[in-house]
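Novice: Residues 1 to 271 (my numbering) are what the sequence shown spells out, left to right.
Simulated from the structure, these hints should not be mistaken for lab results. As the structure is a prediction and not an experimental result, all values here were calculated from the model. Check each hint, because a few of them may be wrong.
Claimed, not checked - Within a straight-line C-alpha distance of at most 25 angstroms, the following computed SDA-like cross-link-like pairs (lysine to any residue) qualify: (1) K191 with P226; (2) K243 with Q192; (3) K133 with Q192; (4) K42 with I158; (5) K191 with V80; (6) K243 with P173; (7) K133 with Q67; (8) K133 with P173; (9) K191 with G64; (10) K243 with A56; (11) K122 with A17; (12) K130 with E52; (13) K130 with A109; (14) K130 with V80; (15) K206 with S70; (16) K122 with A183; (17) K130 with Q192; (18) K206 with V80; (19) K133 with Y159; (20) K243 with H201; (21) K243 with A194; (22) K243 with Q55; (23) K270 with A151; (24) K206 with P173; (25) K206 with R249; (26) K270 with A160; (27) K191 with E166; (28) K206 with Q55.
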Amino acid sequence: MYRCPLCAETLNQQANAWRCQHGHQFDMAREGYVNLLPVQQKKSLDPGDNAEMIQARRAFLDAGHYQFLSNAINQQLAAVLEGKVQQSPAALLDIGCGEGYYSAALANALPGLTVYGLDISKTAVRYAAKRYKQLQCCVASSYALPFTDGAFAALLRIYAPSDAAEMARVLRPGGYLLTVSPAPEHLLQFKQQAYSEVRLHADTVKAETGFHHVRRERLQSLWQAPDAAAMLQLIDMIPLAYKLNTQMRETLCQQLPAIQLDFYLDLYQKD
Numbered sequence: 001m002y003r004c005p006l007c008a009e010t011l012n013q014q015a016n017a018w019r020c021q022h023g024h025q026f027d028m029a030r031e032g033y034v035n036l037l038p039v040q041q042k043k044s045l046d047p048g049d050n051a052e053m054i055q056a057r058r059a060f061l062d063a064g065h066y067q068f069l070s071n072a073i074n075q076q077l078a079a080v081l082e083g084k085v086q087q088s089p090a091a092l093l094d095i096g097c098g099e100g101y102y103s104a105a106l107a108n109a110l111p112g113l114t115v116y117g118l119d120i121s122k123t124a125v126r127y128a129a130k131r132y133k134q135l136q137c138c139v140a141s142s143y144a145l146p147f148t149d150g151a152f153a154a155l156l157r158i159y160a161p162s163d164a165a166e167m168a169r170v171l172r173p174g175g176y177l178l179t180v181s182p183a184p185e186h187l188l189q190f191k192q193q194a195y196s197e198v199r200l201h202a203d204t205v206k207a208e209t210g211f212h213h214v215r216r217e218r219l220q221s222l223w224q225a226p227d228a229a230a231m232l233q234l235i236d237m238i239p240l241a242y243k244l245n246t247q248m249r250e251t252l253c254q255q256l257p258a259i260q261l262d263f264y265l266d267l268y269q270k271d
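Take these sequences, add in the hints, and give me the full structure.
Specialist: See below:
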């Protein structure tokens, strides 16, 4: 499944390493993942989410606050993959898998499916691989996917930036891409704290070159924080966190307002 990020030749596993025919070698970490992110593909020394964001996200997700989103993802992908998984071995790639919560839930929901998790954050992948042994994890760029052509029956992309041509390349003919993106009112109450003028997320369906759009599901829920700790976890795990200063955080933690959760799940199929 893996291909060399340096020369694009197939990688073969030899003991605890992956090697290509040109001698490029990538060792398996003790947690069970492989780092396929060459230095020339890095934009910083330690790209991706930091440990604080990942720890906040893990605590928040472990508490079940986004279980409804995970269930919807599993249902959408099960509907298009269940027959394929039963007929022949099938694999799915979670692009931007983070600490592995959604990937692992999907692997458990479809036990015949081999789930790969990819993230540019080494810390996130280490968390995922150490905890979820059923996943195949790698550190890599979502713009240069280190996989052979047509390797996957489906892709999952939750918020992660990516390249449409690369996604189409690693998908089988007729394969599916499920994306999760913020719908207009997502985290509206946070924005009202952070900005004097609130701009809602767009409601347009993004065109993905090489794919056609199949359907859209909008998923909404009002989330009530059980305590200040949960509110802080949600704040710390999102990119908007840097816009919320100490006073704004304290206000949110004291008032514990209901927070609007609003997602779009868009299903695409490769042309």
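Novice: State for each hint whether it applies.
Specialist: Status of each hint after checking the structure:
In summary, the hint linking K191 to P226 is supported, as the alpha carbons are separated by about 20 angstroms, within the 25 angstroms threshold. Among the hinted pairs, K243 with Q192 is consistent with the structure: their alpha-carbon atoms are about 11 angstroms apart, no more than 25 angstroms. Between the alpha carbons of K133 and Q192 the distance comes to roughly 40 angstroms, so the proposed pair goes past 25 angstroms and is violated. For the proposed pair K42 and I158, the alpha carbon gap of about 21 angstroms is at most 25 angstroms, so the pair holds.
For the suggested pair K191 and V80, the alpha carbons sit about 35 angstroms apart, so the restraint of at most 25 angstroms is broken. Among the hinted pairs, K243 with P173 is inconsistent with the structure: their alpha-carbon atoms are about 42 angstroms apart, more than 25 angstroms. Straight-line distance between C-alpha atoms of K133 and Q67 comes to about 21 angstroms, which keeps the hinted pair within the 25 angstroms bound. A distance of roughly 29 angstroms separates the Cα atoms of K133 and P173; the hinted pair therefore is violated under the 25 angstroms criterion.
A threshold of 25 angstroms between alpha carbons decides the hint, and for K191 with G64 the separation of about 23 angstroms falls inside it, so the pair holds. For the suggested pair K243 and A56, the alpha carbons sit about 17 angstroms apart, so the restraint of at most 25 angstroms is met. With a C-alpha separation of about 17 angstroms, the suggested pair K122 and A17 falls inside the 25 angstroms cut-off, and the hint holds. Distance restraint check for K130 and E52: the Cα-Cα separation of roughly 17 angstroms lies within the 25 angstroms cut-off, and the hinted pair is therefore satisfied.
Pair hint K130 plus A109 holds up; C-alpha atoms about 20 angstroms apart against a cutoff of 25 angstroms. With a CA separation close to 29 angstroms, the supplied pair K130 and V80 exceeds the 25 angstroms bound. Between the alpha carbons of K206 and S70 the distance comes to roughly 22 angstroms, so the proposed pair stays at or under 25 angstroms and holds. As the CA atoms of K122 and A183 are separated by approximately 29 angstroms, the hinted pair breaks the 25 angstroms bound.
Restraint check for K130 and Q192: not satisfied, since their Cα atoms lie roughly 38 angstroms apart, outside the 25 angstroms limit. For the given pair, K206 sits about 21 angstroms from V80 by alpha-carbon distance, which is consistent with the 25 angstroms threshold. Annotation: proposed proximity of K133 to Y159 holds, straight-line Cα distance about 24 angstroms (limit 25 angstroms). Distance hint between K243 and H201 is fulfilled; the C-alpha atoms sit about 17 angstroms from each other, no more than 25 angstroms.
As the CA atoms of K243 and A194 are separated by approximately 6 angstroms, the hinted pair is consistent with the 25 angstroms bound. This hinted pair checks out: K243 and Q55 have alpha carbons roughly 19 angstroms apart, not beyond 25 angstroms. With a CA separation close to 13 angstroms, the supplied pair K270 and A151 stays within the 25 angstroms bound. Using a Cα cut-off of 25 angstroms, the hinted pair K206 and P173 holds, with the two alpha carbons roughly 21 angstroms apart.
Our distance criterion of 25 angstroms between C-alpha atoms is broken by K206 and R249, whose separation comes to about 33 angstroms. Restraint check: the Cα-Cα separation between K270 and A160 comes to about 19 angstroms, which is no more than 25 angstroms; the hinted pair holds. About 33 angstroms separates the Cα atoms of K191 and E166, which puts this hinted pair outside 25 angstroms; it is violated. The straight-line distance between the Cα atoms of K206 and Q55 is roughly 31 angstroms, outside the 25 angstroms bound, and the hint therefore fails.
The earlier numbered hints that this structure contradicts are 3, 5, 6, 8, 14, 16, 17, 25, 27 and 28.
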